[in-house]
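S.K.: What follows is the residue order along each chain.
Number of protein chains: 2
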Amino acid sequence: MVSTLRSTTSGTGNPGSQSALRKLNEQRIVEALMAGPATQAELSRQTGLSTATVSNIVKVLCDASVVATEPTTSSGRRALSVRLNSNSAVAVGIDFGRRHLRVVLANLAYEVLAEESMMLPLGHQADVSITAAVNVLDRLLAESGVRREHIVGVGAGIPGPIDHRTGTVVQGAILPEWVGFQILAHLEERLGLPVFVDNDANLGALSEVTWGPHNGVENLMFVKIGSGIGAGLIINGAPFYGHVGVTGEIGHSTIVEHGLVCRCGNRGCLETVASTTIMSELLSRGQPEPMTPDEIVQRAHAGSAAVLRVLDDAGLAVGRALGAVANLISPEVIVIGGPLAGLGEILLEPIRRGLLRHAVPLVGETTALAMSALGARAEALGAAALVFQNADISHHS
Amino acid sequence: MVSTLRSTTSGTGNPGSQSALRKLNEQRIVEALMAGPATQAELSRQTGLSTATVSNIVKVLCDASVVATEPTTSSGRRALSVRLNSNSAVAVGIDFGRRHLRVVLANLAYEVLAEESMMLPLGHQADVSITAAVNVLDRLLAESGVRREHIVGVGAGIPGPIDHRTGTVVQGAILPEWVGFQILAHLEERLGLPVFVDNDANLGALSEVTWGPHNGVENLMFVKIGSGIGAGLIINGAPFYGHVGVTGEIGHSTIVEHGLVCRCGNRGCLETVASTTIMSELLSRGQPEPMTPDEIVQRAHAGSAAVLRVLDDAGLAVGRALGAVANLISPEVIVIGGPLAGLGEILLEPIRRGLLRHAVPLVGETTALAMSALGARAEALGAAALVFQNADISHHS
Numbered sequence: 001m002v003s004t005l006r007s008t009t010s011g012t013g014n015p016g017s018q019s020a021l022r023k024l025n026e027q028r029i030v031e032a033l034m035a036g037p038a039t040q041a042e043l044s045r046q047t048g049l050s051t052a053t054v055s056n057i058v059k060v061l062c063d064a065s066v067v068a069t070e071p072t073t074s075s076g077r078r079a080l081s082v083r084l085n086s087n088s089a090v091a092v093g094i095d096f097g098r099r100h101l102r103v104v105l106a107n108l109a110y111e112v113l114a115e116e117s118m119m120l121p122l123g124h125q126a127d128v129s130i131t132a133a134v135n136v137l138d139r140l141l142a143e144s145g146v147r148r149e150h151i152v153g154v155g156a157g158i159p160g161p162i163d164h165r166t167g168t169v170v171q172g173a174i175l176p177e178w179v180g181f182q183i184l185a186h187l188e189e190r191l192g193l194p195v196f197v198d199n200d201a202n203l204g205a206l207s208e209v210t211w212g213p214h215n216g217v218e219n220l221m222f223v224k225i226g227s228g229i230g231a232g233l234i235i236n237g238a239p240f241y242g243h244v245g246v247t248g249e250i251g252h253s254t255i256v257e258h259g260l261v262c263r264c265g266n267r268g269c270l271e272t273v274a275s276t277t278i279m280s281e282l283l284s285r286g287q288p289e290p291m292t293p294d295e296i297v298q299r300a301h302a303g304s305a306a307v308l309r310v311l312d313d314a315g316l317a318v319g320r321a322l323g324a325v326a327n328l329i330s331p332e333v334i335v336i337g338g339p340l341a342g343l344g345e346i347l348l349e350p351i352r353r354g355l356l357r358h359a360v361p362l363v364g365e366t367t368a369l370a371m372s373a374l375g376a377r378a379e380a381l382g383a384a385a386l387v388f389q390n391a392d393i394s395h396h397s
Numbered sequence: 001m002v003s004t005l006r007s008t009t010s011g012t013g014n015p016g017s018q019s020a021l022r023k024l025n026e027q028r029i030v031e032a033l034m035a036g037p038a039t040q041a042e043l044s045r046q047t048g049l050s051t052a053t054v055s056n057i058v059k060v061l062c063d064a065s066v067v068a069t070e071p072t073t074s075s076g077r078r079a080l081s082v083r084l085n086s087n088s089a090v091a092v093g094i095d096f097g098r099r100h101l102r103v104v105l106a107n108l109a110y111e112v113l114a115e116e117s118m119m120l121p122l123g124h125q126a127d128v129s130i131t132a133a134v135n136v137l138d139r140l141l142a143e144s145g146v147r148r149e150h151i152v153g154v155g156a157g158i159p160g161p162i163d164h165r166t167g168t169v170v171q172g173a174i175l176p177e178w179v180g181f182q183i184l185a186h187l188e189e190r191l192g193l194p195v196f197v198d199n200d201a202n203l204g205a206l207s208e209v210t211w212g213p214h215n216g217v218e219n220l221m222f223v224k225i226g227s228g229i230g231a232g233l234i235i236n237g238a239p240f241y242g243h244v245g246v247t248g249e250i251g252h253s254t255i256v257e258h259g260l261v262c263r264c265g266n267r268g269c270l271e272t273v274a275s276t277t278i279m280s281e282l283l284s285r286g287q288p289e290p291m292t293p294d295e296i297v298q299r300a301h302a303g304s305a306a307v308l309r310v311l312d313d314a315g316l317a318v319g320r321a322l323g324a325v326a327n328l329i330s331p332e333v334i335v336i337g338g339p340l341a342g343l344g345e346i347l348l349e350p351i352r353r354g355l356l357r358h359a360v361p362l363v364g365e366t367t368a369l370a371m372s373a374l375g376a377r378a379e380a381l382g383a384a385a386l387v388f389q390n391a392d393i394s395h396h397s
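Top to bottom, those sequences are chains X and P.
Okay, so the first sequence: first residue is 1 according to full-length UniProt numbering, each after it adds one.
Okay, so the second sequence: first residue is 1 according to full-length UniProt numbering, each after it adds one.
The following block holds chain X by itself, in its conformation from the complex:
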């Protein structure tokens, strides 16, 4: 198993070790309790863990105030009812965008306690948005009454690939000003909290299987279509990072052998035919201002023939790239996110057509395609989920 880029250099250790197993079992009990209070015997049945293990973990979680217990009776016998003390463990999720910033506070029950988003100038340096994030977080804590000592960690999403070996943003990021930046070290120093960093598309994928309607799906791809095109993978139920942490780069699949030059240095990449940047270029010729993604959505709904044609061509190209992906990994679901998600079936239909045209029949028929229901919040919510999946919730206070 590959660990998420995280604040400790020790990594998650041996996946079969006692501590890794304890953490996994803790998570299973917390997940079981998200459905509501349960007795220790019920938890044992639901998780398949022995009653002794459940009892030990409940004691540790109780000491950390993550759960509370009270005596009850079950089938006439004395028992201990356990309930989640949701607000005792809070995760911060930060979505760093090219021109926006979003911060959410979420509790263990995956409820949003506070949230704020703001615009940032295009081309801003990393330090500007980190300072903004620190200020927004302070404000949200003050407003919501969440105590700093209840924060188990901070998750941060970056719109660019991250080399997990060095913890730096890699060439090819949508944020060129951030390339080479030691995002993890800087955030930890400024926030004084454990930090977990990931690519925004990976967090989109994680949000779909934790917060979203695809909860528990084993193999899912989240495709973010925006100024760039990137994807995040959930494989065997967990985010997948491959060898160096850079995965899901479908924006750089070659679609047109001798097409436009891409910012990655290749030619005819999917991004050069289907990103909002190229759509805007195609639709704004001779106009003083480029068309924004929001305008593309509005005009498509209003029936603009040019906008619909550009979306159809882009959708087919995305579908072709997704056909290759589906042939390779056969996911249950592919979710489309990003600023065009509001287009719904207008964009989904050509993507589906491209997918079915280019996938092996059985694979095409068995790969579900959906628009993200989480909208602009997907990445920040995924960043909060990243914290709960990686932080040590029983040892934060």
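Hints in this document: simulated from the structure, not taken from any laboratory.
Please note that the accuracy of each hint is not assured.
The list treats identical chains as one, so a pair stands whether inside a single copy or across any two.
To be verified - In silico SDA-like links for lysine to any residue, alpha-carbon gap of 20 Å or less:
| # | residue 1 | residue 2 |
| --- | --- | --- |
| 1 | Lys59 | Met34 |
| 2 | Lys23 | Ser65 |
| 3 | Lys59 | Leu80 |
| 4 | Lys23 | Ser50 |
| 5 | Lys23 | Thr210 |
| 6 | Lys23 | Ala68 |
| 7 | Lys23 | Thr47 |
| 8 | Lys23 | Gly48 |
Since chain X is already given, all that's left is putting chain P on it; use the hints.
M.R.: Here is chain P on its own, set in the frame of chain X:
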């Protein structure tokens, strides 16, 4: 975790269940013992399992004759030395080809005890090769002196996709006569042994990380270039089957938008530009007999300009498809197998050029590319490995 298509309908059960955990721990101890005999204390240190767990598992394995123990001393104290009783558990690996059949018997130490391959007529029905396999197995058992009760299971590789939901060979197989065939049920009935079935490219991948030089690699792709082109994936250390069992179908990535019609029904698939079938077609125009893969290899080594050009074009196309794969999953290694593996650098060089041309720079630089060293044995050896990874080695006798 997705289970391999296997003989019991119960599946592997809850991956966190006691029995799944016991099996996993058994495998870890058997793997540790493959390096040589060890004391229980040493096994505990090497596996991270408690001494009590090691002691319990050693007892179970000893009862099943999988290991043998003898008293020894360690640091002046009495200890129990455990060694693998390799031949107590034998796996049968069968590679069913379009015109060949190969059967191997392998022991727990991954040593080949007996092996036989034979030619079969092109277009033969499934029953013909199953009967041949049964006869070859009987002969190998008789010759090698391996006792039938020591066989823990039979692994079988099929050159076509298998729908894991129904256990049938799917449309698109290189063996059209096998489509819709209930391969698993037929083999079990004829052999009277537990059977595990998989696609041949998946078994090629498994052989590389068990028998091959890439032992222990976490993320690997094995690409078989033959009359068709298919790939097998190792993800997070295990074969990856996705949603329906059909993965690694890179032969049907679109390379030429309006290219030749492929047997899958699409156009311009990688198979239509880089399989040995199309190479042979291109190189045999006007010849009474099509050029065989062996002849392609010979003529390339002899410096035939036409053969080298065809290989160069095919290699570039394969590399382009691999670039998209590497961008998506960033594997440590991609291994090229099949009947052209003997070409070595002649084929590897254009593939590498295509990969570097089409992958994101960081991903291209960090994806190793190699020819398979296992040759024509890769699939049968992988089939034997499939048995050891899935059969219950402590409960076969």
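S.K.: State for each hint whether it applies.
M.R.: Each hint tested on the structure:
Proximity of Lys59 and Met34 under a CA criterion of 20 Å is satisfied intra-copy only: 18 Å inside one chain copy versus 40 Å between copies. For the identical chains of this complex, Lys23 and Ser65 are intra-copy neighbours only, at 16 Å inside a copy versus 35 Å across copies, given an alpha-carbon limit of 20 Å. In this assembly of identical chains, Lys59 and Leu80 lie within 20 Å of each other by CA distance solely inside one copy; the values are 11 Å within and 37 Å between copies. For a Cα distance limit of 20 Å, the shortest separation of Lys23 from Ser50 qualifies both inside one copy, at 15 Å, and across copies, at 17 Å.
In this homomeric assembly, Lys23 and Thr210 come within 20 Å of each other (Cα to Cα) only inside a single copy, at 18 Å, whereas the closest approach across copies is 29 Å. In the homo-oligomer, the alpha carbons of Lys23 and Ala68 lie at most 20 Å apart inside one protomer (18 Å), although the nearest pairing across protomers, at 35 Å, exceeds that limit. Taking the shortest Cα distances, Lys23 and Thr47 sit within 20 Å of each other both inside one copy (14 Å) and across copies (18 Å). In the homo-oligomer, the alpha carbons of Lys23 and Gly48 lie at most 20 Å apart both inside one protomer (15 Å) and across protomers (16 Å), since each shortest distance falls under that limit.
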